[in-house]
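Just so you know, we're using the working numbering here: the sequence shown kicks off at 1 and counts up by one.
No lab work stands behind these hints: they were computed from the structure.
Every value quoted in this text rests on a predicted model; they were computed, and no experiment measured them.
Watch out, some of these pointers could steer you wrong.
Calculated cross-link-like contacts (lysine to aspartate or glutamate; reagent style EDC-like; alpha-carbon spacing at most 20 Å) [as the list claims (entries may be wrong)]:
no. : residue 1 : residue 2
1   : K325      : D241
2   : K325      : D286
3   : K325      : D208
4   : K325      : E199
5   : K325      : D231
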Amino acid sequence: MTPSTQELAELARDVERVESVREVKDVQRAYAHLAQFGRWDAVAALFAENGTLRWAEQTVTGRDAIARWLADRGAPAGRPGALHTEVVEQPLVNLSVDGRTAACRWNGMRFLGDGAGEARIEAGIHENTYVREDGRWRIASLHFHPLYEGDYATGWTNAGGNELPIVAPHFTLDEVGVPIPAPDGPAPHTGATTAQLAERIDRLNDEDAVRNLQNAYGYYVDRRMWADVVDLFGADPSCDDAIVRVDGVGEYRGADGVRRAMERMGPEGISHGTLNDHPIFDLIVDVRPGGRDAFARGIEIGMLGDTHTGTGTWAFSVFRNRFVKDGGRWRLQEVHVTPLLTADYAQGWGHGGTGPRASRTAPAFLDPARPTAAGRREEPGPDLAELRRRLSRSRAYDGVENVSAAYGYYLDDFQWTEMAGLFAVHGNKQSPFAGYYIGRERIMGAATAFYGGPRPADALRARISFHWRTQPVVIVSQDGRSATLRTRLFQPRTSMTVTPGFTGFAGGMYPNDQAVLEDGCWRLWSLTIDEHYFSSPTWHGGWPPRRTRPKGPPTRRRAGCWPCTRRTSR
Numbered sequence: 001m002t003p004s005t006q007e008l009a010e011l012a013r014d015v016e017r018v019e020s021v022r023e024v025k026d027v028q029r030a031y032a033h034l035a036q037f038g039r040w041d042a043v044a045a046l047f048a049e050n051g052t053l054r055w056a057e058q059t060v061t062g063r064d065a066i067a068r069w070l071a072d073r074g075a076p077a078g079r080p081g082a083l084h085t086e087v088v089e090q091p092l093v094n095l096s097v098d099g100r101t102a103a104c105r106w107n108g109m110r111f112l113g114d115g116a117g118e119a120r121i122e123a124g125i126h127e128n129t130y131v132r133e134d135g136r137w138r139i140a141s142l143h144f145h146p147l148y149e150g151d152y153a154t155g156w157t158n159a160g161g162n163e164l165p166i167v168a169p170h171f172t173l174d175e176v177g178v179p180i181p182a183p184d185g186p187a188p189h190t191g192a193t194t195a196q197l198a199e200r201i202d203r204l205n206d207e208d209a210v211r212n213l214q215n216a217y218g219y220y221v222d223r224r225m226w227a228d229v230v231d232l233f234g235a236d237p238s239c240d241d242a243i244v245r246v247d248g249v250g251e252y253r254g255a256d257g258v259r260r261a262m263e264r265m266g267p268e269g270i271s272h273g274t275l276n277d278h279p280i281f282d283l284i285v286d287v288r289p290g291g292r293d294a295f296a297r298g299i300e301i302g303m304l305g306d307t308h309t310g311t312g313t314w315a316f317s318v319f320r321n322r323f324v325k326d327g328g329r330w331r332l333q334e335v336h337v338t339p340l341l342t343a344d345y346a347q348g349w350g351h352g353g354t355g356p357r358a359s360r361t362a363p364a365f366l367d368p369a370r371p372t373a374a375g376r377r378e379e380p381g382p383d384l385a386e387l388r389r390r391l392s393r394s395r396a397y398d399g400v401e402n403v404s405a406a407y408g409y410y411l412d413d414f415q416w417t418e419m420a421g422l423f424a425v426h427g428n429k430q431s432p433f434a435g436y437y438i439g440r441e442r443i444m445g446a447a448t449a450f451y452g453g454p455r456p457a458d459a460l461r462a463r464i465s466f467h468w469r470t471q472p473v474v475i476v477s478q479d480g481r482s483a484t485l486r487t488r489l490f491q492p493r494t495s496m497t498v499t500p501g502f503t504g505f506a507g508g509m510y511p512n513d514q515a516v517l518e519d520g521c522w523r524l525w526s527l528t529i530d531e532h533y534f535s536s537p538t539w540h541g542g543w544p545p546r547r548t549r550p551k552g553p554p555t556r557r558r559a560g561c562w563p564c565t566r567r568t569s570r
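Produce the complete structure using the sequences and hints provided.
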């Protein structure tokens, strides 16, 4: 059936709104990519013409002023051994009703070093706004709220040594699971054909598949699952076109070459006392016209260690990988890694780390802007119902990512009412060391019993344990109404002083979360946690030295004041 002009216009508007959410995220990720190589003019070009940057109490306006300010605050561009790796993650984005502006909350962290002895870390929360200007999404206002910072030798503490406020969110609980609100008024006329809209929807679906594949690759690398890594390059055991290229090291081809490249990190399988984490940050996926190949570019921060030898290492790098679609399935074809700096944990990166140093040439950047004019399709596009179904799956990806991010933010701030409200009516949550709880009231009650009551919006806190939920693998159902989610737990912790047993990093996994679309809003259906895979007992010691964790005290019945987990009725 030939769609009416109005039906086609409505679909075109819906496609553009999903594309807008993706481009907003990618503009901020491009900021991180360009900043890593000191491309301050290019970073400033991501801002609107009258864009503003507010860092704590400092505010600058206009691209030239923003470029100068960033250059003054960043690591010396081009200096051997200098490091400026800024990661901006865990997006929670909300598009405006008219689709012309957006707001997004992010976690941010900067790893800085001048190559001459100085090294520090700065971290906090972004509450940024974006605007569509001259056909492109740009940063209207970047507002960074510093929360923790410090030099590497000492370790970070709360910014200014003060108690920390709750950074006011741009969103409400009801807005979290609806990143794209219902539009207002009739859709404007579109010149797009059904076939062109089908291509754009295919591009969104393909982006989801490639993003999942890249993030899954990262998880396999963490656990040294080399056979599974090889499988990601294709079903053909020979994998003749598979390439792993590591700048400054070499090039490996074919299935055997892929395995040899992986075995540079150690033999197949992870063992107790070995840390091989390579968290992926700021992933941009670019599906090329025609939908047959794609590129993924991101930042990788290796956190490596061996308790048997007491060693620990930082490894900062950039990757730009290529994917191809064969028989309707995406697979890896080329992994290209550019190492930037490797540093012993005890020494840090202030003096440029240890060698060998790779070229400082930046791998090609990816443009965050999305083409709206699709290439030609020889066959007619699918009917509108099928296109809407496909589009709903990509819209679901963003809804799930939003609710996942909100869970971390509400957990950080002890907002138990809102945290529990993220769950479906009959959703369930594992509360660590307490049990499994079903329904919002019981989820909130368990959190209150174990951690104390919710914090008011004006609360000040002496310490915070952050819950970054990054590197999502989101598998959306065919009808776009439910999804499974795997995400990494990256857990920096801060207090007013460097506190042994608290200040530092920990890491784990949310391996099998589920989400559902309930009453038009994305909600969590099930959430479990697997923690910790590693932790830093002290800042100075980091994760390397301790061979075994001493046996702790017996489990307390702290949550015993909340009823048992058995559910007697729905």
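Hint check:
1. Simply put, K325 and D241 have alpha-carbon atoms about 13 Å apart, close enough for the 20 Å limit, and the pair holds.
2. A distance of roughly 13 Å separates the Cα atoms of K325 and D286; the hinted pair therefore holds under the 20 Å criterion.
3. Taking the CA atoms of K325 and D208, the gap is near 13 Å; set against the 20 Å cutoff, the hint holds.
4. Proposed proximity of K325 and E199 is supported: the alpha carbons are some 15 Å apart, at most 20 Å.
5. For the hint pairing K325 with D231, the CA-to-CA distance comes to about 14 Å; that is within 20 Å, so the pair holds.
Of the numbered hints given earlier, the model fails none.
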